[in-house]
Every structure is written in structure tokens, then in C-alpha cells.
Amino acid sequence: MELTNENVLGKIIEQFGEENITDAVNPDGIMTFQTNRQTIHELIKYLRDDEKLQISFLTTMCGIHYPEQKDRELCMMYQLHSLRHNYRLRIKVYFPISDPVMPTLTDLYATANWMEREAYDFYGIVFAGHPNLIRILNVEDMEYHPMLRQYPLEDQTREDKVNTFFGR
Amino acid sequence: MATETKTVELDGLDQFRENLDLKLQDKHNENLTTLNLGPTHPATHGIFQNILQMDGEKIVDAVPTIGYIHRAFEKIAERRPFYQITPLTDRMNYCSSPINNMGYHMTVEKLLGIEIPKRAQYIRVIMMELARISDHLICNSILGVDSGAFTGFLYVMQEREHIYDIYEEVCGARLTTNMGRIGGMERDLSPKALYLIGEFLKRFPKVWAEFEKMLTRNRIFVDRTTDVGAISAERALSYGFTGPNLRAAGVDYDVRVMNPYSSYEDFDFEIPVGSKGDTYDRFLVRNAEVWESLKIIEQAYKNLPEGSYHADAPHYYLPPKQEVYRNMEALIYHFKIVMGEIDAPVGEVYHSVEGGNGELGFYLISDGGRTPYRLHFRRPCFIYYQAYTEMIKGGQLADAILTLSSLNVIAGELDA
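Residue numbers (my numbering), protein chains in the order written: chain A, 1 to 168; chain B, 1001 to 1416.
Bear in mind the hints are in silico, worked out from the structure with no lab data behind them.
Some hints here could point you the wrong way.
[Stated by the list, open to error] Subject to a maximum C-alpha distance of 20 angstroms in a straight line, what follows is the list of computed DMTMM-like cross-link-like pairs (lysine to aspartate or glutamate):
(1) K1075/B with D50/A
(2) K52/A with E1234/B
(3) K1206/B with E1168/B
(4) K1058/B with D1227/B
(5) K92/A with E68/A
(6) K1075/B with E140/A
(7) K1336/B with E1186/B
(8) K92/A with D1367/B
(9) K1192/B with E1169/B
(10) K1393/B with E1234/B
(11) K92/A with E1390/B
(12) K1075/B with E68/A
(13) K1295/B with E1341/B
(14) K1118/B with D1266/B
(15) K1321/B with E1168/B
(16) K1206/B with E1292/B
(17) K45/A with E1159/B
(18) K11/A with D71/A
(19) K1110/B with D28/A
(20) K70/A with D1367/B
(21) K92/A with E6/A
(22) K1202/B with D1165/B
(23) K1202/B with E1234/B
(24) K1393/B with D1227/B
(25) K1295/B with E1212/B
Please take these sequences and the hints and turn them into a complete structure.
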């Protein structure tokens, strides 16, 4: 079976149902779709173990913050790659910031460990079941998650710098 | 705008200490020693901390801590116009900064839908391969230093200076090279730059052959590196290894071949692979890759196409300075680009290049503004270093140093 976006999407929808796999788009040749927190762990496990797909290289994952979207403020993006078929896939999960809990993937991929710690550090996303969920790049006693968009880049107490014209 | 963040019932510091205590409980066993390797230790070539549990010379356990030079590049990138992000990318993997630059520029070009001319692509290939050579020669010669052979390092360091001379001729800078532009190169290769590249191609193979001869069959070096810090192909894939470190374990994944960019499909080269994934294999793979890079540069240098060195995209390509003085449109676009007045289209792209260390990826979300909404760097060093604990367990302290330098973990890229 040749892996095309339609083929793979059809196979995934067949397995997990249309209610769990939504909003499939194709922004840059990489198929992108949304799923939910209940499905994500099973889905990635399925993609890895399925003999035809073999999408077993977790390239990267990162958090994204959309403060304007009610109850969908936070997003986790997972990007996977099948080294055998040279096929890439991007999965997004949106969830409310009041309940920032995601299942961990550390039992599937060793690489998920630090990437999840990074997402926790930057966005405060809690990965249930993670063996060692502590900050990774910032100091341990930091009290907020700095990549959330309500925190501006510059120290707001400074008055010697006007930043009006550079970078909105 | 004001979103409430949930207080997380997890105190980082306490948990860290707790984990450490668990790891160090064996301390009551009188035979174990706790050794604090780093954060700044001359043998670690960068700022990483490792708290090691030692049984004599044997490493029983290790707790790595990173983040000592974290500079929040992803956060800064959300506040900067596209052009002003380039200097951030230089400072990630500073041993091969042109690859970082070009990778970022190609990502933005993908977002904007700019097709760049062949000549610019070939120049990029030459610069990227020179950067790969300088990256690999630092890594391999430092590996020699760590095993006690200092001469080779001095010998090839001079060649890196020659590569830096080429950079200097192309863009004016030696280390933080801003030679690319969105839509092509800043300027064409000058006759002097072409001459320097030609000279480098003539001279360097001899130097590299000699360096190779010094270490490859050296009894001490082979004994020190064989079966040291080995990782199997399955574990390496699970850890998300890419680049020379994955190829040393026997998987021939190379972004240049699998998803060619910047006309890599025009060149004829091979992917060297190892078998065991130990330090010696990583050394050999990097050595062989330098030869392949030389092959690529030679082909690109000989077949350098005529034509423009930048795309015809006045909205995004920063005009040459001479034009700005003479031409009104160029002045207007120069002003608008420098002030970050030009919006990018809405979109989402991922582009990856084969960096000196492996798949260097850029994930960019644009909401139609003049800065990226989110820019995430997939940094290969970040991925390697988490496997480090597993790779050094059961080995000796001196082996741990060799493993670290053969993994080629660059602190700037690790922390970003």
C-alpha cells in the first residue's frame, strides 16, 4: 500500500472513528489532523505497531498556546515520521488550560521524556504518568510557565526601553 | 486575554531533590561515591551537570541537569520579525552555524512560497557542506584530545581557520555567519571566495587523510573507543537519534537523501553507516562523512550554474545595499523589511535539514502577522543528551567523557 494522505487518514479513521479524528488539513504536504486526549496514546501506539504504516519515529512535539480560543487554549503538536515509507504526519490535541493534563508517551518512546518535560516547563502541561516531570530548561523555583502568551518577553517594570516599533 | 493558569501540585525543586535522594540512597553503601561532574568542567566541552554515582571507577547511575545557558530563543522568536530571528539560529549549533541559518531561511521560504534559483541553492550547498566539515573535524579532533592525542586537533584546527576564511570572504563574519537571506544569498560568491574554496579542495584531503591515519588504526585510540558508549539501533530510534549518531548504529537515515532540499538530489554521494553504534563507529562515520561532503562541494563547485544568486521576491528579499542608495523601490522595501512591516501569509510549515548533528527541524506557525506565532526548533543535541545516562551506565568515568565528545553535544543547541 502506498502511503498517501488519503490512504493513511482513511485507515486511521477506520480504526478510531470519525468522532475522534477531525479537521484533517494538509498545510505543507504533511497531513495534519486533530484528535482528543482519550485517543492520542492509543493512536500513536497504533501508528508505531501497525505493520503497514510503521510510523515509528517521533520527530518532535511541542506545546502551543492560543489564549483566545475558549476551552481550547492549549495545544500539543506531535510530529511523526515513517522511516520505511518516508511519510510524515502531524497530530494536534487541543485542551483547556484549566485542565492541562495529557497522557504521557514515555512508555512508547524514550525521546518523549525530555520533550514532555520541556512542554511542562514552558506551558505547564502536566503529563499523567511521566516518571520525572520537573522543569528542564528553567530554574526549578520558577513559579510560572514562561511560554504562555500572557507573559511578555521584556521585563515590564523597565522604563529605559521603548519597544513600540520592534516586534508586536 | 487574562487566562488563569492552574497551579500545578508539583514542586519541581522538591521532586528533583527527592529523585536525587532516591538515586543516592545507595550512598549508605560505603563503596559508592557521589561525583559532581560539571556544570563547568574542562572535560565536558560545555555547560552540563552530571551527578554521578561511582563504584570505584565504574558509573552506577547518573542524573543529568541542563539549562545552564538557556536563552529562550523560542520565546524571543515570537516577538521578532522574520529577518531578526536569523541571528538566534547562529547561536544554536555554533560549530556549524551556516546550516542553522540556511535551514531557517528555507523554512521561511517554504512558508512564503518562494522558489530560489539554482545558483543560490548550489552556493547554499557549498556553505552547508563546509559547515558540516568544520563541525565534524572539531568533533573528531576533540575526541582525539579526550583520548590523549593533542597533535591532530591542532593540525585540523588550522583547516577550520581556512573554512572560516571562506565564511569571512562570503559574509564578513567568521563564527556567527549571517550569509543567507530569505530568498537566496546576501551576495554572490566573489572571485576570491571561489579561489579560497578551490584551494581548500586541493589542500584539505591530504590533511584529513593524515589525521585519519593518525587515529583510525591507532592501537590506543581503538582500544579506548571500541564498545564504549554503545547504543543499539532500536534504542537509538526510540530515543529519536538522527544524523551520524544514528547512522553509527546502522540505520541509514539522512535527510539530504530522504527529503532532499536545496538541490541535494543533483549530487552523487553515499551515506556511511556503522554497525555497533559505539564511540569508534561514530568516529568512523564522521570521518567518512567528511569525504562525502568534500565530494559534494567538488561537484557543486565544478557545476556552479550561472544566473542570479537570489530569487525575484522584492517583498521579502533584502535588497543589496548598493541598490538601496540608487533605487527608490529598493529603499522602500529595505525600510519595510528592516522595520518588520511586511506580513507573512497564514500557514504552518515544518522543514528539516541535515545539520552537523542530525535532523535539525523548524516548525513554524504563522497567523498572518509579521512575527511567527510559534517557532519550535527540533534540536538534535537535546535528543542525544537524554540518552547519555543510559549510554554511560556501567562504564568508566574516562569512557563517559569520550562518549560525550563523540555524541557531539553542543551546549548552545541543547539549551536553545
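Verification of the hints:
Straight-line distance between C-alpha atoms of K1075/B and D50/A comes to about 37 angstroms, which puts the hinted pair past the 20 angstroms bound. Restraint check for K52/A and E1234/B: satisfied, since their Cα atoms lie roughly 18 angstroms apart, inside the 20 angstroms limit. For the hint linking K1206/B to E1168/B, the alpha-carbon distance of about 23 angstroms lies beyond 20 angstroms, and the restraint is violated. Restraint check: the Cα-Cα separation between K1058/B and D1227/B comes to about 15 angstroms, which is no more than 20 angstroms; the hinted pair holds.
A threshold of 20 angstroms between alpha carbons decides the hint, and for K92/A with E68/A the separation of about 17 angstroms falls inside it, so the pair holds. A hinted pair counts as satisfied when its Cα atoms are at most 20 angstroms apart, and K1075/B with E140/A qualifies at roughly 19 angstroms. Straight-line distance between C-alpha atoms of K1336/B and E1186/B comes to about 17 angstroms, which keeps the hinted pair within the 20 angstroms bound. A threshold of 20 angstroms between alpha carbons decides the hint, and for K92/A with D1367/B the separation of about 17 angstroms falls inside it, so the pair holds.
Between K1192/B and E1169/B the CA atoms are separated by roughly 7 angstroms; this keeps the pair inside 20 angstroms, and the hint holds. Taking the CA atoms of K1393/B and E1234/B, the gap is near 18 angstroms; set against the 20 angstroms cutoff, the hint holds. For the proposed pair K92/A and E1390/B, the alpha carbon gap of about 30 angstroms is over 20 angstroms, so the pair is violated. As the CA atoms of K1075/B and E68/A are separated by approximately 18 angstroms, the hinted pair is consistent with the 20 angstroms bound.
For a cut-off of 20 angstroms, the pair hint linking K1295/B to E1341/B is broken: about 42 angstroms separates their Cα positions. Taken as a hint, the K1118/B and D1266/B pair is honoured in the structure, with Cα atoms around 11 angstroms apart against an allowance of 20 angstroms. Proximity of K1321/B to E1168/B is assessed by CA-CA distance (about 18 angstroms); at most 20 angstroms being required, the pair is judged to hold. With a C-alpha separation of about 15 angstroms, the suggested pairing of K1206/B with E1292/B holds against the 20 angstroms cut-off.
Straight-line distance between C-alpha atoms of K45/A and E1159/B comes to about 47 angstroms, which puts the hinted pair past the 20 angstroms bound. A hinted pair counts as satisfied when its Cα atoms are at most 20 angstroms apart, and K11/A with D71/A does not qualify at roughly 29 angstroms. Among the hinted pairs, K1110/B with D28/A is consistent with the structure: their alpha-carbon atoms are about 8 angstroms apart, no more than 20 angstroms. Proximity of K70/A to D1367/B is assessed by CA-CA distance (about 18 angstroms); at most 20 angstroms being required, the pair is judged to hold.
Simply put, K92/A and E6/A have alpha-carbon atoms about 18 angstroms apart, close enough for the 20 angstroms limit, and the pair holds. As the CA atoms of K1202/B and D1165/B are separated by approximately 15 angstroms, the hinted pair is consistent with the 20 angstroms bound. Only pairs whose Cα atoms come within 20 angstroms are accepted, and K1202/B paired with E1234/B is rejected, the gap being roughly 40 angstroms. For the hint pairing K1393/B with D1227/B, the CA-to-CA distance comes to about 13 angstroms; that is within 20 angstroms, so the pair holds.
A distance of roughly 17 angstroms separates the Cα atoms of K1295/B and E1212/B; the hinted pair therefore holds under the 20 angstroms criterion.
Against the hints set out earlier in the document, violations occur for numbers 1, 3, 11, 13, 17, 18 and 23.
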